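For the protein sequence lines, the chains are B and P, in the order given.
Sequential numbering from 1 applies to the first sequence in the numbering used here.
Sequential numbering from 1 applies to the second sequence in the numbering used here.
Derived from the structure by calculation, the hints contain no laboratory data.
Note that the structure is predicted; figures quoted are calculated from it, not measured.
Cβ coordinates follow ideal geometry from the N, Cα and C atoms, glycine included.
Accuracy of the hints is not assured; some may be wrong.
Unchecked claim - Simulated pairs of lysine-lysine, DSS-like, Cα-Cα distance not exceeding 30 Å: (1) B/Lys55 x P/Lys119; (2) P/Lys224 x P/Lys265; (3) P/Lys265 x P/Lys303; (4) P/Lys258 x B/Lys88; (5) P/Lys381 x B/Lys57; (6) P/Lys119 x P/Lys103; (7) B/Lys57 x B/Lys159; (8) B/Lys57 x P/Lys106; (9) P/Lys258 x P/Lys212; (10) B/Lys88 x P/Lys224; (11) P/Lys265 x B/Lys88; (12) P/Lys120 x B/Lys57; (13) B/Lys59 x P/Lys103.
Unchecked claim - Computed footprint of chain P on chain B; a stretch qualifies when at least three of its residues, placed anywhere within it, have a C-beta under 8 Å from a C-beta of chain P: (14) 35-41; (15) 57-66; (16) 82-89; (17) 134-142.
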Amino acid sequence: MNVIYVISKYITVIGSVLKGFWEHLICRMLAIPVQDARYLQANDLCGHVEHDFTKTKAKTFFLCFLPSVMNLIFGWEMVAAGFLGLFKIGVSATSLIFYVYIALLYIGVSLLNNTAPLYEDALNNWELIYGKESKSNIFVKIFAFIPSVWFIVDAWLEKNAINLLAYIVAIVVCIVL
Amino acid sequence: MSDENKELNTTEGVDDEVVDEAVNPVEEEAENNTADNWQWDAAVPETQTDNITIDELVIQAEALDNEEVTETAEDEATEENVEAEETTEENDDDDGLCIVCGKPRKASPSDLYCEECRKKFLRTDYGVGHIIFAFVMVIVVALSYFIFASTVAIASKVNSAQELLADARYSDAMTACEEAASEASTINTGINSVLSAINQNFASKDWFDSGKKLDMIYLEAYVKTISISDSGHDSFVSAVESVFVNSDDEFDYALLEKSGYDEIKNAYDFCSQLSEAGTEFTSGLQDFVSYNDDSSIAMDYDKAMEYVDGLDAQTPAQKCMTDYCRFIVAYYANKGNDEIFKYFDSICEEAGEFDYLFWQTYMEAAYQNEAYDTALEISSKVIERNPSDTNAYYYQVESLIYTEDLDGADKACEKLKESNPEGLDYYSLKANVLRRQGKFEDAVELCKEGIAAGEDAEIYRQQAIAYMLLDNKESALEAMKQSYDIELTNAYSGESSNYLVETLNTAALITCICDDETTYDEIIDIFESEGVSLNESVQKCIKGEITFEDIFMKGTGEV
Numbered sequence: 001m002n003v004i005y006v007i008s009k010y011i012t013v014i015g016s017v018l019k020g021f022w023e024h025l026i027c028r029m030l031a032i033p034v035q036d037a038r039y040l041q042a043n044d045l046c047g048h049v050e051h052d053f054t055k056t057k058a059k060t061f062f063l064c065f066l067p068s069v070m071n072l073i074f075g076w077e078m079v080a081a082g083f084l085g086l087f088k089i090g091v092s093a094t095s096l097i098f099y100v101y102i103a104l105l106y107i108g109v110s111l112l113n114n115t116a117p118l119y120e121d122a123l124n125n126w127e128l129i130y131g132k133e134s135k136s137n138i139f140v141k142i143f144a145f146i147p148s149v150w151f152i153v154d155a156w157l158e159k160n161a162i163n164l165l166a167y168i169v170a171i172v173v174c175i176v177l
Numbered sequence: 001m002s003d004e005n006k007e008l009n010t011t012e013g014v015d016d017e018v019v020d021e022a023v024n025p026v027e028e029e030a031e032n033n034t035a036d037n038w039q040w041d042a043a044v045p046e047t048q049t050d051n052i053t054i055d056e057l058v059i060q061a062e063a064l065d066n067e068e069v070t071e072t073a074e075d076e077a078t079e080e081n082v083e084a085e086e087t088t089e090e091n092d093d094d095d096g097l098c099i100v101c102g103k104p105r106k107a108s109p110s111d112l113y114c115e116e117c118r119k120k121f122l123r124t125d126y127g128v129g130h131i132i133f134a135f136v137m138v139i140v141v142a143l144s145y146f147i148f149a150s151t152v153a154i155a156s157k158v159n160s161a162q163e164l165l166a167d168a169r170y171s172d173a174m175t176a177c178e179e180a181a182s183e184a185s186t187i188n189t190g191i192n193s194v195l196s197a198i199n200q201n202f203a204s205k206d207w208f209d210s211g212k213k214l215d216m217i218y219l220e221a222y223v224k225t226i227s228i229s230d231s232g233h234d235s236f237v238s239a240v241e242s243v244f245v246n247s248d249d250e251f252d253y254a255l256l257e258k259s260g261y262d263e264i265k266n267a268y269d270f271c272s273q274l275s276e277a278g279t280e281f282t283s284g285l286q287d288f289v290s291y292n293d294d295s296s297i298a299m300d301y302d303k304a305m306e307y308v309d310g311l312d313a314q315t316p317a318q319k320c321m322t323d324y325c326r327f328i329v330a331y332y333a334n335k336g337n338d339e340i341f342k343y344f345d346s347i348c349e350e351a352g353e354f355d356y357l358f359w360q361t362y363m364e365a366a367y368q369n370e371a372y373d374t375a376l377e378i379s380s381k382v383i384e385r386n387p388s389d390t391n392a393y394y395y396q397v398e399s400l401i402y403t404e405d406l407d408g409a410d411k412a413c414e415k416l417k418e419s420n421p422e423g424l425d426y427y428s429l430k431a432n433v434l435r436r437q438g439k440f441e442d443a444v445e446l447c448k449e450g451i452a453a454g455e456d457a458e459i460y461r462q463q464a465i466a467y468m469l470l471d472n473k474e475s476a477l478e479a480m481k482q483s484y485d486i487e488l489t490n491a492y493s494g495e496s497s498n499y500l501v502e503t504l505n506t507a508a509l510i511t512c513i514c515d516d517e518t519t520y521d522e523i524i525d526i527f528e529s530e531g532v533s534l535n536e537s538v539q540k541c542i543k544g545e546i547t548f549e550d551i552f553m554k555g556t557g558e559v
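Isolated chain P (complex conformation) (with noise of 0.2 Å):
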């Protein structure tokens, strides 16, 4: 039998099912529905129903039901027609070939690839060369990692010195710039040690730098805090000289003119000559000095001062440096404040914009000989140049103690923490002021958060003295010897320290007076083998001349 046949066939005995199904309830609702009870109107309100039967309605019924059933067999075989052609136009995209080999894929599940072809696929090869890269690659991520972990460790803390000269803390910007070396070498260390394992060529070379960008925030951080005092000019020359260097690493003063840092520059240049002044002038004066019995240093002023006279001096760093030799002269002859201090404003008048130089070393001369008005003046100058200068907030909150203007220090102290707000010296120093005004227990308080933040023997020193003030002996030994132990092995370690003979003084009279004869024969033995005495307030008190709060409390001496 043929398809049309059977297609024919199918759609007849359709039909027919559907016919029947369809007079049948016709028939049971024409047996249901007689005339009597039919309701003509609700069923077609707008026809004339006078004259149908009921034998009309079932022949209508049924001619309606046959044209439904043909049209639903129409629908139903133009969507399979439709379905057909979509199906031949994928086919016609999709011929079910492999791409690669052109075999029928069957019942492989890529889309692309005859499951022959897939399984070769799936193992592609990665090519030796490209897994000995990836090996390489990885090898070379990992010591990236270990470059970026030092470089990180570099970049934070020259990050910090950055900021801390951006906040003008100079001192401190300085510190952190010497941490920051100090992290490089330290990583240089580490990585010589494993590699001088290999090869001693590798015992000693520089693998990390801390950058030429930490050098310059040294430098500018260095020339805000220079000072003639300590030889300050000198280490600054030597510093810029170590930075400026050629390929021969050589300093090169062209490098340092190039390089647009115009107040390190005019620094360098003055601080050079007056470093080689300097060198040339002071010298001399050694043969004029001599040492008294108690080895202070005594000058014969006549003849020292013949020699400065002498000297030629031709530049304003020269004609400083002989102002200076002049100071140091008459300041170690004894003579008096004004005398002193003509030669320091002659100093300042000739050194121009670099006047700062000079400043410390004033403002201590000052202080020294009780001029504390000029102490405060050249404090003020210091601190407006380098506002964290803690020696000229030292010297300006003792100058303002010994003025009795007592707020005015507090004041100062407070404006020490604003601008070096992780600096100890604020605690002895607020301490200090504290206990002169007569708050021993705050004081107290005051050394017990210092010495959290970081041991410091200045804060104990303070702590040992307002309990001493407060009658507790005990404590005041315990402090006090906390404060000595400090400073002997900071002194031991090499570390300078601006309080060791006011913590040895302080040291030897707390001990004495608590009966501790230990510790007190112990730096009587350290005085004497440096050829000191104690402090001449301390040997009063000893002696019951003057009491402790006279030295402390009323200032008739300090230790």
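This is chain B alone, in the form it adopts within the complex (with noise of 0.2 Å):
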């Protein structure tokens, strides 16, 4: 179990368990069996379901995407919102609508930082589009080339907490800039 991870995740938790929210939707969805829905546990399924593995390149691409498709538009937006307003606008501490921004950014960013897949999930979907064995058309490895890559790199970036730190990093610079 990586501890930087699950820590990562429980900072975040509103996004864990959004994330984990939508991976079990979109696993009944496509008719994905899910062994264990608990959305928050101290291991390296936090944020996340466990399902059966899955076998066609669709329910794998979908599982992988959509969850994270959902936590990035939800996130980015209040984000946007909260930077805009904290460090363009310069909103100050006495006005009402300051600690709304503060409240966006935090939950942006706790969203923004569970969008991943998890990782074997990543390692899955490359390996039905893109492995030795693999009969995808071209069109199809076209298309799915660089969600791939950036399931396999989200869900590194993620597992290692590295995401959450850039996330702290960026609105440390905003805030001394």
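Can you join these two chains into the complex? Each is in its own frame, and there are hints to help.
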């Protein structure tokens, strides 16, 4: 178990739970059996659900893609609102909206820190589409390339809590500047 | 029968068939190939073939075929054994049992669960808490979209104000700041109108704020444009005091000191002293002011000067203000330029780095008193400090026209357009220059461009003058009426205008020449109600003492 990973997931608890929920929802929509639906647990499954191993390309891709996109869309506008309000407009602490912007920034970062699929799912997606025995046609390979690379990179970053660290550094830089 | 016997029998059967098939072609070949036509050297070129008979060859061929068949059977048996071993290894990893209940998976499509467990896991419960949480989050996201959109609307105005400040377009930057503040106010009004339906306590809450950054942009732009002429120093002091407030919403000078905006702080210090001195000193001057029959101001020069000389001025700001009072007295007592400018030079010396506060007044006074060289000198200083100051460009262009430097005036117009590309003043000033150059049609066309960019009373007035000089009275009257209407609408809505008197005088003149008696009478009524008379040049032109060209081309008298 990666302790840093679990800590990062607990810090961004809102995003972790929501990501787990989206994964669960997508698993049910795609008829993938879910054995463990505890979204928060002190192990590598934190922020995810334990599900049956997916064998088809489409199921694997969408299981990786859809929950990530949900958190990504929701997270970006919250982070953008918080960033603009706090750093571009420079709302002061005497204003009520200041605290709303802080909350939005936290929730937004929390959601953006939980956009990656499970590392195993990301690798499985790559193997099914680009593996030696894969028979994917060229259009699928082209279409899925960037998301598939993103799944793996994002999952690796998230696994090592590097993206949370990057968000924290970015916020500190904005405060200093 | 045992499996071993089966395999043996199968192998024997295969052998017999293979042998039969192998012998038959050889026998056929043997029958076809006789010793006479057999090509011995081609078959085995380095072998002695003299002592070999056909019978011996047939026996050797049979033996060779038997060996090949045996090898093939052995290879097949080996492959089967390898496959069997692999299958056994796989079965060691996957015992075919469900990982949850331990029962055989049978025909379950899952690699892990039996059909029963799989069906159960396909409907794993979300949990009520998680559903409520997700629902709340969706509401939060919807609200945050509204906050995001509102914030973007304010931030875009802040950004544009920041860019204008960087481009030294201070007046435009201040306007953008006011627009951003107004945007925040509009959003707050919208929210409050919705929420007040639920609870009256929300009727006047400030939810959104245009932010501290915007306040600082506003002050940074303001400090470049302050002028004592329109009590700008008083407004600047109020603006600073409204920004640097503590938690009790009161002005805190320590916050201003800590802010690091030295230019704003120093300007505030000087302006606040000037403001105090101004209130104290100028109030006493009211006693020496009287009004002439034509509503113009008259000043009792000697008494007023005696009063000003008696004022106790210690600080530079107070000394500036006493000299400013002397200028006011001299100006309204119609003293000569030498005396007026002497006070201004003294003010600028005492004000030091804050002499810019008096430049606008100095420039206007110089222009009014026809000291065009002085007006040009000061307008250049104003433009250097605030490159988009349209007022300074106006006095510069007008002064250049009166000094008959029309090329210089033309260049000044182009500089105005460069520094203030969205401003409408360029069109009216340039049309004025073109008209003076005798390019009436160009002036009309430029005015059309200006009207397309944004309706402005002065552009219509310039167009009307150009039409009159082209002897197109119909178009001139139409344009002049447009100008008059816009100017009146602005005046009634409280908008200040530099051209109101000029517009009314020009409108009176053109409507009189074009026989539009209704509008002319309306204008005369306005003048009478304000206790003001028509411009002297206009009166002379109406009487026929001078021509329209004399006023607008030769500069014998502006309106």
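Verification of the hints:
1. B/Lys55 x P/Lys119: Distance of about 17 Å is within 30 Å: holds.
2. P/Lys224 x P/Lys265: Measuring from Cα to Cα gives roughly 13 Å; hence the hint holds.
3. P/Lys265 x P/Lys303: violated (37 Å)
4. P/Lys258 x B/Lys88: It holds: about 21 Å lies between the C-alpha atoms, which stays within 30 Å.
5. P/Lys381 x B/Lys57: violated (73 Å)
6. P/Lys119 x P/Lys103: Given that 30 Å is the threshold and the Cα spacing comes to 14 Å, the pair holds.
7. B/Lys57 x B/Lys159: Distance ~23 Å between B/Lys57 and B/Lys159 Cα, so the pair holds.
8. B/Lys57 x P/Lys106: It holds: about 24 Å lies between the C-alpha atoms, which stays within 30 Å.
9. P/Lys258 x P/Lys212: Answer holds: P/Lys258 to P/Lys212 is near 14 Å, not above 30 Å.
10. B/Lys88 x P/Lys224: holds (23 Å)
11. P/Lys265 x B/Lys88: At roughly 23 Å apart (the allowed maximum being 30 Å), B/Lys88 and P/Lys265 satisfy the hint.
12. P/Lys120 x B/Lys57: holds (24 Å)
13. B/Lys59 x P/Lys103: Roughly 27 Å separates the two Cα atoms, so the pair holds.
14. 35-41: It holds, with 3 qualifying residues against the three required.
15. 57-66: Coverage by chain P is violated here, the residue count being 0 at a Cβ distance below 8 Å.
16. 82-89: Since three or more residues must qualify, the claim that chain P covers the segment 82-89 of chain B holds, with 4 doing so at under 8 Å.
17. 134-142: As far as the segment 134-142 of chain B goes, the hint is violated, because 0 residues have Cβ atoms under 8 Å from chain P.
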